[in-house]
Amino acid sequence: MAITLSGSDTIPAPPLSARLTTQQVWGILLLVPYLLVFLAFVVYPVGYGLWLARNPANYVALYNDPIFARAAVNTLIFLVIGINVKMLIALFLSGFFAQQRPWIKWLSVIFILPWAVPSIPTILSVRFMLNPEWGMVNHFIFSLTGDDGPNWLNDPTVALTMAIAVHIWKSLPFWTLILLTGRLAIPQDLYEASEVDGASPWQKFRFITWPSMQMLYVTCTLLSMIWTLGDFNSVYLLTGGGPADLTHVLSTLGIRYLRLDQLSLAMASIVCAIPFVLPLMYFMMKRLSR
Amino acid sequence: MKLPTLREVGTEAKLLLIGIPVFIWTMIPIYHMFLFAISPKEDAFSGKLWPDHPTLHNFHIVFYQEHYFLRDFWIQFWNSTVIALAAGALTLFIATAAAFSISRLKVPGGRWVMNLALFTYFIPAAFLAVPMYRTMGNYGLLNNHWSLILAMVTIASPYAIWVLKQASDKLPVELDEAAVMDGATTLQLFRLVYVPLMMPSLVAIGTYAVLLAWNEYLYAFLLLSKDTDITLPVALGNFLAADDSPWELLMTTGFIYALPPAAVYYAFKRYMVGGLTAGAVKS
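Residue numbers (my numbering), protein chains in the order written: chain A, 1 to 290; chain B, 1 to 283.
Since the hints were derived computationally from the structure, they do not count as laboratory data.
A virtual CB, placed ideally from N, CA and C, is assigned to each residue, including glycine.
Errors might be hidden in some of the hints.
Unchecked claim - Listed below are the simulated SDA-like cross-link pairs for lysine to any residue, each with C-alpha atoms no more than 20 Å apart in a straight line:
| no. | chain 1 | residue 1 | chain 2 | residue 2 |
| --- | --- | --- | --- | --- |
| 1 | B | 106 | A | 24 |
| 2 | B | 41 | B | 51 |
| 3 | B | 41 | A | 132 |
| 4 | A | 204 | A | 106 |
| 5 | B | 269 | A | 106 |
| 6 | A | 105 | B | 17 |
To be verified - Simulated DEER-style distance windows between Cβ atoms:
| no. | chain 1 | residue 1 | chain 2 | residue 2 | range |
| --- | --- | --- | --- | --- | --- |
| 7 | A | 47 | B | 144 | 17 to 25 Å |
| 8 | B | 240 | A | 227 | 38 to 46 Å |
| 9 | B | 111 | A | 227 | 23 to 31 Å |
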């Protein structure tokens with residue numbers, strides 16, 4: 001150790017080693033605040049929650065609760081359809097926003113608004129737009145067709161679709177921006193060279209854009225899955241889990257059990273998601289900790 | 001001036017065909033909120049695209065707390081502000097210290113702490129909320145602003161540490177070595193070299209944490225319940241408790257609540273885009 005140190009460094013050994021120890025002491029001291037937060041508000045709650053969910057009877061109760069099965073299916077639909085639609089649109093729009101036009105630059109400033117404003121008032125705004133009697137959407141349908149529009153949030157399929165739409169509305173700008181950053185990092189001369197070779201727009205996408213972005217795209221999709229699992233607002237504030245508790249997802253269901261004072265059931269419903277979440281978390285940690 | 005060719009006109013038309021729907025899709029819920037805020041109740045419920053009698057009366061009612069649902073508006077606004085700023089400051093302190101320690105001081109086990117933080121970052125927020133609620137109860141912090149501040153710090157600091165560590169890894173080691181050669185202590189190194197150089201990232205992270213706390217609904221509604229303790233988003237959610245909610249006032253309050261974060265976002269956009277999105281997902 002001493003040999004390698006003196007080999008790479010010209011400072012005399014004794015003061016350096018003394019400095020190193022004070023530095024290390026400071027280093028540990030500066031980590032203490034975060035470690036305290038981590039122990040008190042991550043380790044303890046997670047451990048305590050898992051301990052609460054240890055009783056197998058909880059899982060029998062969940063298995064027998066039709067709302068849980070429905071929420072699990074809804075979560076799957078939300079993830080598989082919602083996220084893939086969102087990421088495909090984001091990929092498409094990242095190409096649109098990569099165009100150099102002054103008006104597109106302005107549009108990109110406006111486009112980020114859903115991400116920049118808090119989700120509560122905007123989701124509630126959508127909720128009223130879909131109100132069957134007074135909402136703007138049904139007023140519009142009535143003025144076009146003379147018929148009453150559907151009762152949007154009273155049909156579980158439509159209500160869940162609307163919740164997914166709200167989720168997409170809110171988070172599309174963020175992912176478009178990320179994919180746009182990735183797209184702009186592709187060297188421009190690749191496109192120029194393909195232009196000379198007479199490549200079609202589809203070929204440019206297929207052989208230049210996609211190969212350089214696919215890893216980013218997959219990472220974004222997986223990260224978005226984790227965040228969407230934790231998305232409580234889109235469903236809760238739009239449908240409240242209704243009608244008849246048919247539009248719950250796992251995040252709102254856990255809170256529902258919690259509000260009904262069934263904490264161990266709430267934890268058990270989350271524990272059921274762990275086998276799906278852990279591989280995602282593992283993959284993301286591998287990607288980001290390099 | 002050169003006339004555009006037919007092909008250029010075609011490309012522009014195709015772009016507009018994408019751009020116009022994107023604009024409408026983006027603006028509808030926000031415009032709808034704004035429309036309600038400037039409409040008297042009759043106009044708001046009539047489904048018109050512009051009110052017959054636009055008015056600022058709703059803002060007057062909100063600012064003077066002249067409605068049952070709004071009687072604690074200002075104290076709730078104050079709660080939101082204090083909690084957001086406290087969470088921002090605390091996150092900034094904790095994350096800067098940790099990132100400096102891990103990245104610059106190369107503290108043993110630093111990589112391990114970084115991984116723990118990342119692990120926390122990837123726990124879905126709504127899942128952690130359930131045991132967090134009980135934990136705050138056990139600590140006796142329920143209905144105390146500290147519970148929400150600490151919860152927000154817990155959620156914001158992992159990402160903050162990660163972004164700051166990425167940014168500080170890019171600073172040249174020679175700077176630290178030179179400062180140490182000149183006899184700088186570790187604290188001086190932190191204060192005089194590290195913090196000034198990291199300023200853009202610190203602004204971005206501070207903004208990130210403040211906005212996160214200001215916008216938070218789920219944790220706020222679980223952890224705080226008294227009308228004079230809650231933050232604005234919880235108050236907005238409480239409007240739904242009544243069947244005949246005054247939606248025009250709800251939207252007005254929501255509009256007022258949405259303005260500060262939007263303004264902050266655009267004011268710091270330059271930092272946010274550089275500091276956060278580049279670090280958000282490494283390609």
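Hints, one by one, checked against the model:
1. 106/B - 24/A: 8 Å, holds
2. 41/B - 51/B: 10 Å, holds
3. 41/B - 132/A: 17 Å, holds
4. 204/A - 106/A: 26 Å, violated
5. 269/B - 106/A: 14 Å, holds
6. 105/A - 17/B: The hint holds at about 16 Å.
7. 47/A - 144/B: 17 to 25 Å: 23 Å, holds
8. 240/B - 227/A: 38 to 46 Å: 25 Å, violated
9. 111/B - 227/A: 23 to 31 Å: Distance hint for residue 111/B, residue 227/A holds at roughly 25 Å.
Checked against the numbered hints above, the structure breaks hints 4, 8 and satisfies the rest.
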